[in-house]
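Trainee: Going down the list, the sequences are from chains A and B. If you're matching positions, the first sequence starts at 0 in numbering that gives the first Met the number 0 and goes up one per residue. If you're matching positions, the second sequence starts at 0 in numbering that gives the first Met the number 0 and goes up one per residue.
Hints are computed from structural coordinates only; laboratory data are not their basis. You may find that some hints are simply not true.
Here are a few chain B residues that face chain A, going by a calculated C-beta distance under 8 Å [said to hold, decoys possible]:
1) E8
2) W12
3) L15
4) P17
5) G18
6) G19
7) E20
8) I21
9) Y22
10) E23
11) P24
Backbone N, C-alpha and C define an ideal beta-carbon position, used for all residues, glycine too.
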Amino acid sequence: MMNKCMSGNEAVAYALMQINPDVMGAFPITPSTEIPEYFANYVANGQVNTEYVTVESEHSSMSVCIAAQAAGARSVCATSSCGLALMYELLYVAASCRLPITLACVNRALSGPININHDYSDSMGARDAGWIQIYAENNQEAYDNFIMAMPIGESPSIRLPVMTCMDGFITSHAVENIELLDTDVVRNFVGEYKPENYLLKKENPLAVGPYDISAYYMEHKVQEAESMKAAKARIKEVAARFAKISGRSYSLFEEYRMEDAQYAIVLMGSTAGTAKAAVDKLRQEGVKAGLIKIRVFRPFPGEELAQALANTRAVAVMDKSEGFSGNGGPLFTETRSALYDLKDRPYLIDIVFGLGGRDIKIEDIEKVFLRLANIAASGELGPVYTHLGQRSKEDVK
Amino acid sequence: MIRAKDINEHTPWQDLTPGGEIYEPGTARDFDTGTWRTNTPVFIEEACKHCMLCIPFCPDSAIPVQDGKRLGFNYMHCKGCGICEQVCPFVAIKMVAGGVAI
Chain A
0 MMNKCMSGNE AVAYALMQIN PDVMGAFPIT PSTEIPEYFA NYVANGQVNT
50 EYVTVESEHS SMSVCIAAQA AGARSVCATS SCGLALMYEL LYVAASCRLP
100 ITLACVNRAL SGPININHDY SDSMGARDAG WIQIYAENNQ EAYDNFIMAM
150 PIGESPSIRL PVMTCMDGFI TSHAVENIEL LDTDVVRNFV GEYKPENYLL
200 KKENPLAVGP YDISAYYMEH KVQEAESMKA AKARIKEVAA RFAKISGRSY
250 SLFEEYRMED AQYAIVLMGS TAGTAKAAVD KLRQEGVKAG LIKIRVFRPF
300 PGEELAQALA NTRAVAVMDK SEGFSGNGGP LFTETRSALY DLKDRPYLID
350 IVFGLGGRDI KIEDIEKVFL RLANIAASGE LGPVYTHLGQ RSKEDVK
Chain B
0 MIRAKDINEH TPWQDLTPGG EIYEPGTARD FDTGTWRTNT PVFIEEACKH
50 CMLCIPFCPD SAIPVQDGKR LGFNYMHCKG CGICEQVCPF VAIKMVAGGV
100 AI
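Using the sequences provided together with the hints, build the complete structure.
Mentor: As structure tokens, then:
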């Protein structure tokens, strides 16, 4: 093991170098550009023997990955925002052809108006594409999640592509201390990609992605759905193996000071660091505050989340992406659906924040907890779906 | 390994291949895909000079060739697109309405 200072992008590129994948479909887009850039150095220096395919768009980079993975090669890709949006069609092709490609998604707001900063509107738009989605709070998690991605997705019982997500600029560009595993340990952990059938297997030619008439399509979608459900157990299995080589434990979500929490916030990514500071501060003041950081969004850990929130009095989901459902952000709708099966449900509100990189502070999170305490005390929920951090006429008065 | 001929519209989801992969070549001959034809080409043998122009133009390889001569249409694969009628220099192919050649 080795301690280093690295940005999130460099950490993922370093993980890629250690894994030495067969093919990379490479196309730059802010803020993920550094990943193929750092990796190009490893290719040029002969540290990996990856086929580095430079293409003319993200539609093509994902197409390269699909073709290569179908041929039997382990394929990787990195993108952000509009790049992911341009892959939209191919994301579904990758998942439905059951090709376990790994994609580093460096989250950035979608246009428009054009913006290069962080929110989850890109990967949330792809949440129903059939990809496993794992979100990182910091550089260490971005590195660790990427190393765990292939053993999860490539498992014969799963065979689904995996998107590891980190917050654009906040995680991708900020330099933090990070603990790197030895390369031989990583290679041994990730193993060789050995699909049972692939295009280059000369013993029996393979046809991939044939036309599915209505008499077959639904059966294939049920297969995909069942694999997504099974992925929960596989993610936990791989995390347990990873804990043995790294000493770092991961689950479907992280519970922070939730043991006796009365008020809880559910959110994702780097905002968890800010929220933990707010929780610590409130705990010192005697407020029973807690945090749940969703790590795995697909498959969504609904039952587990409901159990974790069962004894709270009021919960705020904090969505760092709109959804324009008119009914709350994507994390909120998943959480509210998960809580429905509880006998006694906590009060639940949604707060959309941080869009396009709008900053969030510890004091903002404290205010959310204060609102939860007021809801629990008064029994009045008030508006369920609100935004936080925008300038408003009400504030000027 | 499950063969294409053993998969049909009664196969449960658990027994289908992942993503519909097919583990062998040449499976088109197991499926009659000519059933949705609404126009049908008719081969007028006496007008044909066997120039072979229709064969590469057919998108569905529905015109068999034997000993340098084209044979009648393979209606199992013909979709009735009418390209062969258009390219034939000798009016040896005539499209008729309906899915069956009468």
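Trainee: Give a verdict on every hint.
Mentor: Structure-based check of all given hints:
no., hint, in the structure
1, E8, "4 Å, holds"
2, W12, "4 Å, holds"
3, L15, "5 Å, holds"
4, P17, "4 Å, holds"
5, G18, "4 Å, holds"
6, G19, "5 Å, holds"
7, E20, "6 Å, holds"
8, I21, "4 Å, holds"
9, Y22, "5 Å, holds"
10, E23, "6 Å, holds"
11, P24, "5 Å, holds"
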